[in-house]
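**Q** The chain contents come next:
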Amino acid sequence: MLGILIGIAAVILTAGLGLGSQQQVGAQISALGSNLLIVSPGSTTSTAGIRGGFGSASTLTTADAAALASKVAAPDIGAVAGVKTTSLSLTNGSTNWTTSVVGTSESWLTVRSRTLAGGRFITAADNADQAPVAVIGSSTATQLYGSTDAVGQTFTANGIEFTVVGVLATAGSDSTTNLDDQAIVPISTEANRLVGGTSKNSVSTIYIQAASAGQLSAADQEATSLLLQLHNISASSSADFTISSQEALLSTATSVSKTLTVLLTGIAALSLLVGGIGVMNIMLVSVSERTREIGLRKALGAPPGAIRRQFLVEATILGLAGGLLGAALGIAGAKVLPHFISTVLVVSPLAVGGSIAIAVAIGVIFGVYPAARAARLAPIDALRSE
Amino acid sequence: MHAAPTSAPRGVGVGDPTDSVPVIDLHGVAKIYATGALSVRALDGVTLRIDEGEYVAIMGPSGSGKSTLMHIIGCLDVLSEGAYHLAGEDVSELDEVDLAQIRNRRIGFVFQQFHLLPSLTAWKNVELPMIYAGLSKGARRAKAIEALRRVGLDDRVDHKPGELSGGQQQRVAVARALVGDPALILADEPTGNLDSTATEDALGLFDELHDQGRTIVLITHELEVAERARRIVRVRDGRITSDSAHPDVGRDLVPVGARPGAHQAGAGT
Chain A
7 MLGILIGIAA VILTAGLGLG SQQQVGAQIS ALGSNLLIVS PGSTTSTAGI
57 RGGFGSASTL TTADAAALAS KVAAPDIGAV AGVKTTSLSL TNGSTNWTTS
107 VVGTSESWLT VRSRTLAGGR FITAADNADQ APVAVIGSST ATQLYGSTDA
157 VGQTFTANGI EFTVVGVLAT AGSDSTTNLD DQAIVPISTE ANRLVGGTSK
207 NSVSTIYIQA ASAGQLSAAD QEATSLLLQL HNISASSSAD FTISSQEALL
257 STATSVSKTL TVLLTGIAAL SLLVGGIGVM NIMLVSVSER TREIGLRKAL
307 GAPPGAIRRQ FLVEATILGL AGGLLGAALG IAGAKVLPHF ISTVLVVSPL
357 AVGGSIAIAV AIGVIFGVYP AARAARLAPI DALRSE
Chain B
4 MHAAPTSAPR GVGVGDPTDS VPVIDLHGVA KIYATGALSV RALDGVTLRI
54 DEGEYVAIMG PSGSGKSTLM HIIGCLDVLS EGAYHLAGED VSELDEVDLA
104 QIRNRRIGFV FQQFHLLPSL TAWKNVELPM IYAGLSKGAR RAKAIEALRR
154 VGLDDRVDHK PGELSGGQQQ RVAVARALVG DPALILADEP TGNLDSTATE
204 DALGLFDELH DQGRTIVLIT HELEVAERAR RIVRVRDGRI TSDSAHPDVG
254 RDLVPVGARP GAHQAGAGT
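For the record, the sequence lines run as chains A and B. So the number in our numbering is just where the residue sits in the first sequence, counting from 1, plus 6. So the number in our numbering is just where the residue sits in the second sequence, counting from 1, plus 3.
So that you can see chain B by itself, here it is in the shape it has in the complex:
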C-alpha cells in the first residue's frame, strides 16, 4: 500500500531504526532570528523523525515555534543549525531555486486560508503545482480532474472558489496538495476557517488519505483536531515537549520510545 520513496535513499539520519527512509528526519535543528543585538531561538535543537504513512499532529500554543517548525518542514524557510533530510534528500544546504523544486515535488500544502486563486476555476487551481513541474497541458488537466475526483469534487471542476463552500474550497486545496503525488502532505491549521460540519468533512478526508498510506503532518492548536491524528507532537518554546502515540492508535506504529527526540512520553498538559 505504501508507495516507495521516489528517490534512492542517501544520507539518512543517524539512528535510523528501520529499513525504510523516513519522510522527515530533523536532527538538532535550530532556527535563530537575529534582529540587531537581540537573537531569538525560535527553534532550539529539535530532533524529529516521521516515517512514511504516519499521521502526525504538531500542537502548540502561539509563539511556541510550531509555525517555524512547519516552515522548516515545508522547506519554506532555511534552518540555522542542524540537518534536515526530506524523503532521504538533504535539504539543509539548498538554495532558493532548489527549495522551490523540493516543495514542488515532495510537499503538498494545505493552508488555513485555503489560498486558492479566486480568478481560476477549481481544476486550474489544482493544476498550478504541475505548471511549475513542467507537465503538458493535457496531462495537467487529466491529473487535476483525477485529484478532484478523489476529494469528491468531480462535479465542480469548472467552478471558481467563490462559487464553492468553505469545505469545498478546502477540498480543492487538498486536491491541489495531492496532485503532484508528494511524499508529505503538510496541513497548516486546515480547519481553522471551517465550521464544525466542514471541519468534520475535512478531517474525514485526512483520515481517508491516511488510510491510503499518505504521510500527513497537521499543524493545529485544537486538541480535538489533533486527536484525529495517530501521533501528537507538542511544541513549546522552540522545543518538543512531548511526542506520543494517540491512545487509540493501533499496533501498526513504530513504538514512540524508539524515536530520537521523544524526550517525554505520554500526553502533556
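Here chain A stands alone, though its shape is the one from the complex:
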C-alpha cells in the first residue's frame, strides 16, 4: 500500500511537472510574442565566427525593417519591429538607473505581445519627429520614480530630457532579460540623438510577426529572400543574418520536458508495480491469517464465489485507500515543491482521477490471486488450522 501511495503521488507530481513545464514554455512564448520570427545579424553558421557588435559588421538596418513591413513584398508578414538596443544611464534629479534603452517603432507593442499599464505607446509621429519620449517598464518606473505615477515625469539620458508617456504592464522575465526593466524610445530618436555615428542606422534585432500561425513558414521564406535580395547575396548559405523562430525554441523545450516526463513516468510505473505486489502480499498474509474465518464462512454455506468476492473487495478497498492517500500526498507535494525548486507544478483533475483509477485497478489485479487462493481452500483444512 505504501508502494501504491508513493506511486500515485509520483504519477500526480510527474503529470504536474509535465503540464507545468508545458505551461511555462507556453508562457515564455507568449511573453516573446506569438507567431514570432527573430532576425539577428551576424554569422550564417555557428562555426563562421561572430562578428563585432555595433560596428561596420552590423548587417541589419532600419531600411531592412521598413522593407520587410511592405505588404507587397511580404504578404505573410503581419507586423515588423526593428529594435536597436543600447545600455544607458537614466537620471531623474538625484536618482539614476542604468537600463537597456530600446529604440523601435510603434508596432513593437503588438509584435512583442505587450500591453500598457498606463499612458500611451510611442507613435509613428514620434519617430518622424525624433521626439524625446519614452515608454518604460514597471521596474524601471519604480527605480526612477518610486510609487508616484511615472506618466508625465521626465528623465535625462545622454543630456537629452525625455518625457515618460506610458508605462508597460508587467510581463515578468524570459530566460535572459527582465522584461519589466527597459525604456522604449522612438528608433529615430535613439539612432540620431542617443547613438549617432556610422552605425546609427543599424538595428540589433528585427522582430517579425507572421499574419497568422499558419503563415509562419511562408513569412520566414519571404523574409529570407527579401533580405538576401536587399543585401545582394545570391547564395542563402552565405547569408549575413539568421532567422530563428519560436518553433525551434519550443521543440527544444518540449523535448527536454518529454525526456523528463518519460523518466518520471518510468519511476512512477515501477513504484506502482511494487505497490501492486505489496497489495498482493498483504492480501496473501490476510488469507493465511484468516484461514479459519474462510473455513467457517465456507462451512456456513459461503460458495467459493462469495469468498473470492470478499477478498477482491478488500483488495480493491486497499487499492482505493492507497490511491486516495497517494493523491493527497501528490497534491500536497505539488503545493510544497515549487517553494524549493523553481518549477511550476500543475495538478490536473484528470491525473488525480486517472491515478486513483489505476490504484483501484492494481488492487483488483493483484487481489485476484489471493482471492482465488482463499476461495479454493477446503473448509475442513481451513477450520483445523490454528
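Rather than coming from a laboratory, the hints here were simulated on the basis of the structure. We put the CB at the ideal spot given by N, CA and C, even for glycine. Possibly wrong hints are sitting among the right ones.
Derived, one-sided and incomplete: chain A residues facing chain B with beta-carbon distance under 8 Å [to be verified]:
#: 1; residue: Arg298
#: 2; residue: Glu299
#: 3; residue: Leu302
#: 4; residue: Ala305
#: 5; residue: Ala308
#: 6; residue: Ala312
#: 7; residue: Arg314
#: 8; residue: Arg315
#: 9; residue: Leu318
#: 10; residue: Pro355
#: 11; residue: Gly359
#: 12; residue: Pro385
Starting from the structure of chain A, add chain B where the hints point.
**A** Showing chain B alone in chain A's frame:
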C-alpha cells in the same frame, strides 16, 4: 412437534422402515485417502440412518474415522463410495457450490473452538449463514436476535465474543447453528473447550433443543457427554462397531435392531 422436511421426499435410502424421510441416510459409504501408492480407508462401508428428532452421539477414539464421518455427514467432504441422502436429497454427487448451499440450508454446525469471528458482535456472528442464504438485512437481524433469545442470550446481542464467557460463546455458536432452521444440528466436540459448569450448560441446551424436536448429531470422545444422547453410535477403524439406544431412553425411539448398519447391539467396550 416435528417440523416437516422442507423438500419433497425423493430417492430415499433402501430399506426405509418408516413413512418419514430420514435426516441422514448413509449407505455403504467409504472414504479413501490416497497418497501415492498408499491408500487409507478412513471410512469403510458405513451404513447409518438417523431419523428426524433423534439425538445421536457418535463416539470413537482419535483415528477411528469419526471426524471423517462427521465431515461426510456435514457435507464438508465428498465420499469415495456409497450413497448419502440428507433430508431426502442425494448429496453424493454434488459439486462444491451445491454442497455449500446444502450446508447453508440443511446443517447447523457447532464446533469445539466455537469459531466465532472476534470482530463481529454476537448477532452479527449469528447472522452469517443468512447472508449466504440471501436474506434481507432486516430479516437477518430479527431472526438472529430471536435465535439468541432462544439460547438465553437476548441481553448480549451487541457483545463481541471476547466479552463473553466460553459457555456464552458456545451458546452464540448454537444460536448461529439454529438460525437457518436446519434439518440437522451437527456438533463436533461442542464441550471440548468448556469447563464442567459450561459443559452442563451446553448439554442442557442440547437437551432443550432435542425436546423441541431438533435432530442433533453430536461427535465426542467423552462418555459422559455421549450418555446425554438417546442413541450412541461407536466408530472404530472406519466401521460402526455398535449402535445402541441409551439405556434410559424412552419408548419413543425406533428399535435399534430395525436400523440398517446396526451390526452389533448393546454397549461396546
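**Q** Next step is simple, just say for each hint if it's right about the structure.
**A** Hint check:
Interface restraint check for Arg298(A): the shortest CB-CB distance to chain B comes to about 7 Å, inside 8 Å, so the restraint holds. The restraint placing Glu299(A) at the interface with chain B holds, with a minimum CB-CB distance near 6 Å, inside the 8 Å limit. Annotation: Leu302(A) was flagged as interfacial toward chain B, and the flag holds, the nearest CB pair being 5 Å apart, inside 8 Å. The criterion of a C-beta within 8 Å of any C-beta in chain B is met by Ala305(A), whose closest approach is roughly 5 Å, and the hint holds.
This hint holds: Ala308(A) has a C-beta 5 Å from the nearest C-beta of chain B, less than the 8 Å allowed. Annotation: interface hint on Ala312(A) holds; nearest CB of chain B at approximately 6 Å, less than 8 Å. Checking Arg314(A) against chain B: minimum C-beta separation of about 12 Å lies over 8 Å; hint violated. Taken as an interface hint, Arg315(A) does not check out: its beta carbon lies about 11 Å from the nearest beta carbon of chain B, beyond 8 Å.
The beta carbon of Leu318(A) comes no nearer than 17 Å to any beta carbon in chain B, farther than 8 Å, and the hint placing it at the interface is violated. Interface restraint check for Pro355(A): the shortest CB-CB distance to chain B comes to about 36 Å, outside 8 Å, so the restraint is violated. Look at Gly359(A): its Cβ only gets to about 32 Å from chain B, farther than 8 Å, so that hint breaks. A hinted interface residue such as Pro385(A) counts as satisfied when its beta carbon comes closer than 8 Å to some beta carbon of chain B; here the least separation is about 5 Å, so the hint holds.
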